[in-house]
Amino acid sequence: MQCKRCKTYFDYEKHYGICPKCAAFNRPDGKDDMEYFAEEGKDRFGMSEDYRQPGMSGVHEQLHDKYDSGEPHKKVTYSYKTNTDEKRGKGRGALKKKLVVAVIIIILAAAAAVFIADSAEKRNKEMTTVKDITEVRKLRGEYITSGYTSFRFDGARVMENEVLDEFMPEGKKLVVVTASVQKNYRKSPDEDTEMQYGSLYAECGTAYLNPVEQYSLENARLEGFFDFEAASPYISLENGEIKLLFVTDDTAEDIDICIPGWSSYEQEGIPEFICRVNLQIEEGVAS
Amino acid sequence: MSKGTGNSKKAGKVWLVIIVVLMLAGVIGNVLDENPEFMGGNASGSRLAVLNTDSERLSDLDGIEAQEGYYYYKITIEYYNSGSQAASHYQLMGYFSGKGYDDIYESDRYDSGNPFEEAALGILPAGKSGSIERYIQVKDGVSSIKFEYFDSSSSGRKKTTINL
Numbered sequence: 001m002q003c004k005r006c007k008t009y010f011d012y013e014k015h016y017g018i019c020p021k022c023a024a025f026n027r028p029d030g031k032d033d034m035e036y037f038a039e040e041g042k043d044r045f046g047m048s049e050d051y052r053q054p055g056m057s058g059v060h061e062q063l064h065d066k067y068d069s070g071e072p073h074k075k076v077t078y079s080y081k082t083n084t085d086e087k088r089g090k091g092r093g094a095l096k097k098k099l100v101v102a103v104i105i106i107i108l109a110a111a112a113a114v115f116i117a118d119s120a121e122k123r124n125k126e127m128t129t130v131k132d133i134t135e136v137r138k139l140r141g142e143y144i145t146s147g148y149t150s151f152r153f154d155g156a157r158v159m160e161n162e163v164l165d166e167f168m169p170e171g172k173k174l175v176v177v178t179a180s181v182q183k184n185y186r187k188s189p190d191e192d193t194e195m196q197y198g199s200l201y202a203e204c205g206t207a208y209l210n211p212v213e214q215y216s217l218e219n220a221r222l223e224g225f226f227d228f229e230a231a232s233p234y235i236s237l238e239n240g241e242i243k244l245l246f247v248t249d250d251t252a253e254d255i256d257i258c259i260p261g262w263s264s265y266e267q268e269g270i271p272e273f274i275c276r277v278n279l280q281i282e283e284g285v286a287s
Numbered sequence: 001m002s003k004g005t006g007n008s009k010k011a012g013k014v015w016l017v018i019i020v021v022l023m024l025a026g027v028i029g030n031v032l033d034e035n036p037e038f039m040g041g042n043a044s045g046s047r048l049a050v051l052n053t054d055s056e057r058l059s060d061l062d063g064i065e066a067q068e069g070y071y072y073y074k075i076t077i078e079y080y081n082s083g084s085q086a087a088s089h090y091q092l093m094g095y096f097s098g099k100g101y102d103d104i105y106e107s108d109r110y111d112s113g114n115p116f117e118e119a120a121l122g123i124l125p126a127g128k129s130g131s132i133e134r135y136i137q138v139k140d141g142v143s144s145i146k147f148e149y150f151d152s153s154s155s156g157r158k159k160t161t162i163n164l
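Just so you know, the sequences run in chain order A and B.
UniProt numbering applies: residue 1 is where the first sequence begins, and numbers increase by one.
UniProt numbering applies: residue 1 is where the second sequence begins, and numbers increase by one.
So that you can see chain A by itself, here it is in the shape it has in the complex (with noise of 0.2 Å):
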């Protein structure tokens, strides 16, 4: 090699790497080391292509030709960058890198804010458009059939009792609705085509009005005034007769039930028809 400083020529490997006439160490360059030794036929560490170690022979010569005829290395390319230069780059990536993440969340964000926006419009026009629902009046005495169970309204009557007259608020009366519940097993249902009805309610002037709930009474221990079952909005009994408890106005004549029915067994979205029983309401009968 050369040396970088006297430009003297030497064995770089007998001296180290010293130059014999100024004393400079000489660091070996990898790419002249590369240049140098390609150009005399020698690999990186200066061995030839047709060196054979001393005393070898036989085998291990047939060995190495078989194996030490590789392609020589490709030519190495070096580039120096400084470790500023290389902070710089790496910043400069990750900044790149967040601020497309940014603009990703930021479209993101967007596109979710106008399709909430847009759903929130149209299910609040849904919300808000008022729609019609089929009528289909039931006379007193008939039968209304739902899968299994078929019931129907008999009649009612204003209950009257001394101590339940304590607790009734002031201008009401209680009324007794009466139903009869057959259940049809031999029927085979179809969940899919039959009516279903929901829980039924009573209207009553302009009133919509819930049943006395089984579970109100039995918490202001009331149940014992009554010889019935369940004051339930839904008709799910056994065989038999059932009594559904309103409290009405004091003026009222007559009482409509009401059920909301849905021809899917998914019952989804407002009833497609509502069957209404009107009942005249009897007066002066005890409990």
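Since the hints were derived computationally from the structure, they do not count as laboratory data.
In this text, all values refer to a predicted model and were calculated from it rather than measured experimentally.
Yeah, the Cβ is synthetic: ideal placement off N, Cα and C, and Gly gets one too.
Don't take each hint at face value.
A few chain A residues that face chain B, going by a derived Cβ cut-off under 8 Å, partial list only [claimed, not checked]:
hint, residue
1, Phe10
2, Lys172
3, Tyr208
4, Ile242
5, Cys258
Given chain A's structure and the hints, the job is docking chain B onto it.
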């Protein structure tokens, strides 16, 4: 030194991922909340929407004057129930609020525990529209109040402003 920088970068990335996940969760939550039908939320429950509101200042309520510095108001709220179940009276009553904590007194809210009083209160069946009247005391000088009600199908609170 370099290890610390690496750790802080890693922590930064983790925070970024957490923030993105939370944002997406918030967005998805909002979408699902606003559109319960995505999760089958439309299948049951009431779906209340306020169609109209009205307010009327009263000199007294059944001969009883409001407390000093307040006026009685009759607030009428008209609803439509586009759900599959009836909305209870308590759902329809909702809640009023003002800018100040003492702007409003909801003196008509009580629960007697009497099953017959409860049954006498109106409901709003599925597919029907109807109105409810509330009598509240509002502080003098308050020009608008918020009305908040619950929609069981979306389990979300909905707010509307009522000008007095």
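Results for each hint:
1. Checking Phe10 of chain A against chain B: minimum C-beta separation of about 40 Å lies over 8 Å; hint violated.
2. For the restraint placing Lys172 of chain A at the interface with chain B, the shortest Cβ-Cβ distance is roughly 5 Å, inside the 8 Å limit, so the hint holds.
3. Because the smallest distance between the Cβ of Tyr208 of chain A and any Cβ of chain B comes to about 5 Å, under 8 Å, the interface hint for this residue holds.
4. The beta carbon of Ile242 of chain A is not positioned within 8 Å of any beta carbon in chain B (closest approach about 16 Å), and the interface hint is therefore violated.
5. Among the interface hints, the one on Cys258 of chain A holds; its C-beta lies about 7 Å from the nearest C-beta in chain B, closer than the 8 Å criterion.
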